[in-house]
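Protein chains in written order, with the numbering used here: chain A, 1 to 147; chain B, 1 to 81.
Simulated from the structure, these hints should not be mistaken for lab results. For every residue, glycine included, the Cβ atom is placed at its ideal position computed from N, Cα and C. A hint or two may mislead.
To be verified - Residues of chain B placed beyond 10 Å of chain A at every Cβ, according to the derived structure:
no., residue
1, E18
2, V31
3, N32
4, L34
5, R40
6, Y41
7, A43
8, D47
9, A64
Said to hold, decoys possible - Chain A regions said to be covered by chain B (calculated; three or more residues, Cβ under 8 Å):
no., region
10, 9 to 22
11, 115 to 128
As the list claims (entries may be wrong) - Dumping the calculated DSS-like pairs for lysine-lysine here, alpha-carbon to alpha-carbon at most 25 Å:
no., chain 1, residue 1, chain 2, residue 2
12, A, K58, B, K17
13, A, K62, B, K67
14, A, K124, A, K58
15, B, K17, A, K124
16, A, K129, B, K67
17, B, K17, B, K67
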Amino acid sequence: MDIRVQEAPFDLGAETNAFAGRQTGMGAVVTFTGIVRDLDDTRMTAMQIEHYPGMTEKALSKIAEEASSRWNLGDILIIHRFGRLHPDEMIMMVATAARHRADAFQAAEFLMDFLKSRAPFWKKELTGKGDGWVAARDEDEDALTRW
Amino acid sequence: MDVLYFAWVRERIGQPKERIESNPATVMDLVNQLRAREPRYEAAFADLGALRVAVDQELSDFDAPLKNAREVAFFPPMTGG
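Pulled out of the complex, with its shape left as it was, chain A reads as follows:
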């Protein structure tokens, strides 16, 4: 399990290759990447991501451990950035490795659903017309009930 919370950008290709390369006997690797986008066409110039150092790492580990207990996984990678990001920059990625693809796909979806509303990150959109905190969506909270 590899969990990183960092301000610096990451190289999706290099991370994916390194993650896949260190697995043995895993038939499937699934990755998901989150990218900064303008949520409401407000002409966002940047997104400021705040987090709770200490709790963030604990919450991500807990979510990853839960995924490992539910699916037959070989490994999990989570990278989540904080600080000031610009549109089209990568915010985060998850990768899962499993012997079979169903485990890898489902675990990746589970990680994303829980990461959205149970990992202590907050996003603020910075625009020319003022700044605003991104509100949590009911759909994101509802998504947890399917697990």
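Please arrange chain B on chain A, whose structure you already have, making use of the hints.
For chain B alone, coordinates are given in the frame of chain A:
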């Protein structure tokens, strides 16, 4: 104990962290002590439904006891991913 604020809660209160010397029994007691201080706290804690709380870095509830707690954090619903 240390009390931490994040996102708009931090902005409304005007600081990220402070030390509380009193010993509130529950999270709600702590909230009421803070509310009684100044309007900026009253504003931040006006709608508890819009807030989440963590005790010692674990997501918790407003009726949770604070015995031996070292760190309490208040923040809006999280928006990771």
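K17 (chain B) paired with K124 (chain A) [C-alpha distance capped at 25 Å]: holds (19 Å)
K58 (chain A) paired with K17 (chain B) [C-alpha distance capped at 25 Å]: Since the Cα atoms of K58 (chain A) and K17 (chain B) sit roughly 20 Å apart, the hinted pair holds (cutoff 25 Å).
Verdict on L34 (chain B) as a residue remote from chain A, using beta-carbon distances over 10 Å: Holds, because the least Cβ-Cβ distance between L34 (chain B) and chain A comes to about 19 Å, which exceeds 10 Å.
Distance rule for Y41 (chain B), whose beta carbon must clear each one in chain A by more than 10 Å: holds (19 Å)
Residues of the region 9 to 22 of chain A with Cβ under 8 Å from chain B, three needed, outcome: Answer violated; 0 residues pass the 8 Å Cβ test.
Outside-interface status for N32 (chain B) - nearest CB in chain A farther than 10 Å: Holds, because the least Cβ-Cβ distance between N32 (chain B) and chain A comes to about 23 Å, which exceeds 10 Å.
Consistency of the no-contact label for E18 (chain B), given chain A and a CB cut of 10 Å: holds (16 Å)
D47 (chain B) remote from chain A - nearest C-beta pair above 10 Å: holds (13 Å)
Exclusion check [A43 (chain B) not at the chain A interface, CB over 10 Å]: holds (15 Å)
Pair hint outcome, K124 (chain A) versus K58 (chain A) [Cα-Cα no greater than 25 Å]: holds (23 Å)
Hint consistency between K17 (chain B) and K67 (chain B) [alpha-carbon to alpha-carbon, up to 25 Å]: Measuring from Cα to Cα gives roughly 20 Å; hence the hint holds.
Hint consistency between K62 (chain A) and K67 (chain B) [alpha-carbon to alpha-carbon, up to 25 Å]: Within the cut-off at roughly 24 Å; holds.
In summary, the numbered hints that this structure violates are 10, 16.
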